[in-house]
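Assemble chain B onto chain A, guided by the hints.
Those protein sequences? They're chains A and B, same order as listed.
Just so we're aligned, residue 1 is where the first sequence starts under this note's numbering, counting upward by one.
Just so we're aligned, residue 1 is where the second sequence starts under this note's numbering, counting upward by one.
Everything labelled a hint here was simulated from the structure, so no lab data went into it.
Think of the CB as a built atom: it goes at the ideal place given N, C-alpha and C, for glycine as much as any other residue.
Misleading hints may appear alongside valid ones.
Claimed, not checked - A few chain B residues facing chain A, derived, Cβ under 7 Å:
hint, residue
1, V20
2, P22
3, E222
Said to hold, decoys possible - Once the Cα atoms are required to be at most 25 Å apart in a straight line, the calculated DMTMM-like pairs of lysine to aspartate or glutamate come out as:
hint, chain 1, residue 1, chain 2, residue 2
4, B, K234, A, E255
5, B, K229, A, E286
6, A, K283, A, D193
7, A, K273, B, E222
8, B, K104, A, D109
9, B, K198, B, E94
10, B, K246, A, D274
11, A, K310, B, D235
12, B, K246, A, E291
13, B, K104, B, E201
14, B, K246, A, E309
15, B, K229, A, D284
16, B, K146, A, E68
17, B, K104, B, E58
18, B, K51, B, D191
19, B, K229, A, E291
20, A, K283, B, D235
21, A, K273, B, D123
22, B, K234, A, D193
23, B, K229, A, E255
24, B, K234, A, E309
25, B, K246, A, E255
26, A, K273, B, E58
27, B, K234, A, D300
28, B, K196, B, D57
29, B, K234, A, D284
30, B, K246, A, D221
31, A, K273, B, D122
32, B, K229, A, D300
33, A, K283, B, E238
34, B, K188, B, E201
35, B, K234, A, E291
36, B, K33, B, E45
37, A, K273, B, D13
38, B, K33, B, E94
39, B, K246, A, E307
40, A, K273, B, D124
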Amino acid sequence: MNRILIVAEHAAGRLNASVAKCVSCASRVPDAEISIAVLAATGTAVAEAAAAIAGVQRVLLVENPANEPALAAVLAPQVARLAQGHSHVFGPSTTFGRDLMPRVAALLDAPQLSDVMAVESAQRFRRPVYAGNAIVTVEAPGGRQLVATVRIASWHAAASGGTAKIEKVELDVPLPAHTRFLSVSAARSDRPDLQSAARVVSGGRALGSVENFALIQRLADRLGAAVGASRAAVDAGFAPNELQVGQTGKIIAPELYIAIGISGAIQHLTGIKDARTIVAINKDAEAPIFEVADYGLVGDLFTLVPEIEKQL
Amino acid sequence: MRRILVGIKRLIDYNVRVRVRPDGSGVVTDGVKMSINPFDEIALEEALRIKERGEADEVVVISIGPDDAQQQLRTALAMGADRAILVRTDLAVEPPAVARAMQKLVERESPSLVILGKQAIDDDCSQTGQMLAAYWDRPQATFASKIEMAGPVVRVTREVDAGLETIELDLPAVITTDLRLNEPRYVKLPDIMKAKKKPLEVTDFATLGIEAAPTLRILRYEPPPQRQKGVMVKDAAELVAVLRQKGLV
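Pulled out of the complex, with its shape left as it was, chain A reads as follows (with noise of 0.2 Å):
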């Protein structure tokens, strides 16, 4: 039996979208119960979407207004109490997890795998290194707690239908002071999440300017898709840090990507390369973007994208 606990991303009373693609990943492993821990403030809401996943057999909630907001300083500790008896600890590859997972598995004297893109055994794993040029195939050693995040880009969302009961949990664990939340600057946004959505259309240097940006949401709306910018795009001050794709940004795999005005430098190729169909509307016929493209327009964006709008 591997027991694997499951470390909720949640925020505002939600569910994040990556918990039920660790589900995914968690129920490839052979032989695997699989529980989801929510850490939160007031977390009944969270636990039980947590709870409707199917596959998940157990949530463990702990509320505490130490919670919230999520700092993986205080949360750490918790996790690491909760993993006792658990063979596995998973979390989503997502800024949450990625600050968080490696705390935990310093607590638990574990090692950790990052970025789990497939399960062969319930020791052997593959992820990618050198920014997805080479795939390992990873085993850790058996009769020892494995810590790993999730590739959320590799998997599909669990479905739902899942009946979990949810166990209150009291932690007597000492929480650290030194860290303090301040603030978060996060852009309000009807659009769909970046990292979820179905659609993504992005722009790149090319656009100019914040005003043409402009260009890139209104045909995000028109599709019902979720907003991406290139490193190019975002480091001239076009569109908001959040909204970068690519290795140093999000990795995303949508159903539909529109690439408008990138020319396709590695670090932003490695951030759509799961992408079902991938769409290339670039003035340059020779840019990179085209390589890895389902379907490539060359000609000016500025016509271009009115025109696709008008057809739609």
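For chain B alone, kept in the frame of chain A given last:
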């Protein structure tokens, strides 16, 4: 003494197109340019700026790796670090062992701040800083895009999925750098000459009393699956038509 420790990893230069060896035993490293991990360069630049603002007194760079990592440490000294420490090993050490070695040096050096890159661009683990913070039982701020020293605390703005988060940490603390924190300076020739006279200490895992042997076994390396080049469409109408036909719009 307000001291900042900075981690420096020697790895394949970020401009090199990394290729998997035909026998799957690793990636091609023969004759390949080696450099400082770009995120570590940003970490060093930030430490130097903090010192230049008078908010720190000494910047110490640490590398854990082969003898040749002395080259990267010399570059770091030329950028402006005051002294360097190499923990010499020929093993492919994993983040827990690196963090344990850093912890030993932290105990010896008593820094007020440790700044590391958010990840190394070879193994892409993104673990060492968080592990060090846990072993040391101190605060962590990962993916930093802004660092403000404020007496006994440091305020760090982090690049997170939701946007920019700002947290406050009591010192000493561990910070890992993201790309937009700063743009590292170029090294000037006179500084390279000066760097040759700066102290560079060499130690090893046995001296520090830590186990360096890897616990994870890499069975094989493979190139990633390649995407096929697709088709070119002639205009907006044709593009929308094919996307409609595939049910994508």
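Please flag the earlier hints that this structure goes against, numbers listed from lowest up. 2, 6, 9, 22, 26
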